[in-house]
Amino acid sequence: MTGVATSKSSPWSWLTDPKRRGPLLVAPAIIVLFVMNIFPLLWSFGLSFFNYRANRLNVPEFVGLRNFERILTDDKVWDRFQTTALIVGSSVVLQLIIGFALAMLFAKHFPMRRMVMMLVLTPMMLSFVSVGVFFKFYYEPTFGLLSWVVNLFSDETFVLLATPAGAIAGIVLADAWMWSPFVMLLVLAGLVSVPKYLYEAAEIDRVSAWRRFRTITFPYIKSLLLLAVLFRTIETFKLFDIVYIITNGGPGSSTETIAVFVYRMAFQNFRTSQSAALGYIILFIVIVLTNLYLYSVNRRAEEEAL
Amino acid sequence: MARQREIGKAGWWHTLGATVIGLFYFFPVLWIILTAFKTRTDALAIPPKLFFTPTLENFKGVFFRSSVSGDSSEATNFGLYFFNSIFVAGTAVLIAVIIGTLAAYAFSRHPLRGNDTYLFIILTTRMMPPIVVIIPIFLMFRVTGLAGSYWGIILLYTAFNIPFSVWLVKSFFDELNPEIEDAARMDGSTDWRVFFGICLPQIVAGLAATFVFGLILTWNEFLFALLLTGVETRTVPVAMARTIGGEVGVDYGLLAAIVTLFLIPIFFVTFMLQNQLLRGVTFGTVKK
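Quick note, the sequences are listed as chains A and B, same order.
By my numbering, the letter at position 74 of the first sequence is numbered 74, and the numbering carries on one by one without gaps.
By my numbering, the letter at position 250 of the second sequence is numbered 250, and the numbering carries on one by one without gaps.
Incorrect hints may have been included.
Quick look at which bits of chain A chain B covers, simulated, 3 or more residues with Cβ under 8 Å [stated by the list, open to error]:
| hint | stretch |
| --- | --- |
| 1 | 62–68 |
| 2 | 77–83 |
| 3 | 124–138 |
| 4 | 158–171 |
| 5 | 210–217 |
A few chain B residues that face chain A, going by a derived Cβ cut-off under 7 Å, partial list only [what the hints assert, rightly or not]:
| hint | residue |
| --- | --- |
| 6 | A18 |
| 7 | L261 |
| 8 | I266 |
| 9 | F268 |
| 10 | T270 |
Keep in mind the hints are simulated off the structure, nothing from the lab.
Backbone N, C-alpha and C define an ideal beta-carbon position, used for all residues, glycine too.
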């Protein structure tokens, strides 16, 4: 009892009140995030209603929604969104296929499985810059490995990055190589959760391999596959470093993803307030996707609980 | 290991196939490492050389460049860049994990009003493209003079790691059995002691995993570092990108040596964290 009494009289008592414990513990995290994320975002929200260029000393001029109007009617912006969608779509599909195949390989035990799996998981842990360096080296027309392989079959010099389609393929290949192990991990998690007796029952009933997959395996991995697709879509949407290193958006602007486009707009052309407006449009898309992702995470948790 | 019992054993062909494909998948990394040990002519040889006399020239070249006049050699800045990468990532992640653990404990044990909303906002700050937030941060750093300083980039990386730390550490707290904590409280333990004496010791491995994951994410980060570090605070990824940006003949042997040095910590981490990898890369949203 005395303990309660003293703590009440102490000047710190309002702080140590159990009711305030939650907010107090969360405060440092929220403060840092506010200073470095939320406040800057509010700033750029304000900025998106002004005409402002960071390389000039002019006073920002209020222009209302004109920046958003310009961005949304700009053909270039739509073109870059299409490029991004193409790269994200093909890369995520490729990751699903490769990741799934890899998971099938590692779904069984064999000697040195842990070692071999570590080799496969390494790309995921590399920096985008390193992966960019790898593939730029392999795509090099004169001494790159890829050109060498192609030259075994044809005499022409093979320059993958010279055509828009080739450049996109080059980027997609690098990104898919890096992130397929991620899908593999998720699929493996699903495969492990399939009760073994279902397979044994299927064996007795002589069910075909395809039907076994469709009726037993797939239901167990489908929620994880959905998570993989959403997570990879959100992440690939940000694709910047690999493009910056391998093609720098070229040839022309054929591999310029929306992230590279915003970067150029903000830091090379200094259309600061317009890039802030475009940033907000991107942010909106990401918030929608993140919502979908968390929704699927929660639904999966509920399914597991049943 | 319950997991090991649930999956079957592979036959010989499966084992062979998996090993070959695993090696093939790793080949791009292996080839870069081999390139790092080649002379300039060997590195660019066509057909590619699988067997060659290894040399350490490239690794020497990362840190020392022979000056034009001849035999004396001067140090390059890469020593500094490696130090910067380690120092900046280490400090930022340490602060972020401490702050994140406190918040994670609150989110897990003392839910606030609107708990899920806070968690959602926190995750969104991590999911959004860095390019969106970098524009105002760039302006902010210019005004406050933080651009190019250690403090600026450390503060930014702390914020970058907090969402990830909160979510990941929360997933570890959520797995603990709260009855043990309740029992301790009944026995008269203060909340302080419950947190430090009972909760934290149970998740030490998880905290270590969070710290190391954060290190890797920060160690690999490029865009923030590109825009917000100066000559003195430059990190290795930025320095690598600048090396490749040189239009006149990129020295791939040298670049391969830098990448190889940059890889070493990553091999250790991937090996150590193999069982936590899935949880780490999904920020704790997928546990198993």
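Please check whether B:I266 passes as an interface residue: C-beta within 7 Å of a C-beta belonging to chain A.
Interface hint status for B:I266: holds (5 Å vs cutoff 7 Å).
Hey, does the B:L261 contact hint survive, CB to chain A under 7 Å?
Where the cut-off is 7 Å and the nearest Cβ of chain A is about 11 Å from B:L261, the hint is violated.
Report holds or violated for the interface hint on B:F268, using the least CB-CB distance to chain A and a cut-off of 7 Å.
Not OK, violated: B:F268 not within 7 Å of chain A, min 10 Å.
Are there at least three residues in the stretch 124–138 of chain A whose beta carbon sits under 8 Å from a beta carbon of chain B?
holds (count 14)
Min Cβ distance, B:A18 to chain A: is it shorter than 7 Å?
holds, 4 Å
Within the assertion that chain B covers the stretch 77–83 of chain A, do at least three residues meet a Cβ-to-Cβ distance smaller than 8 Å?
violated (count 0)
Are 3 or more residues of the stretch 158–171 of chain A near chain B, judged by a Cβ distance of less than 8 Å?
violated (count 0)
Outcome, coverage of the stretch 210–217 of chain A by chain B - at least 3 residues whose beta-carbon is closer than 8 Å to one in that chain:
violated (count 0)
Check whether three or more residues of the stretch 62–68 of chain A sit with their beta carbon closer than 8 Å to a beta carbon of chain B.
That given contact is violated, which follows from only 0 residues of the stretch 62–68 of chain A lying within Cβ reach (below 8 Å) of chain B.
So, B:T270 near chain A? Judge it on the closest CB pair being under 7 Å.
holds, 5 Å
The structure is inconsistent with the numbered hints 1, 2, 4, 5, 7, 9, although it conforms to all the rest.
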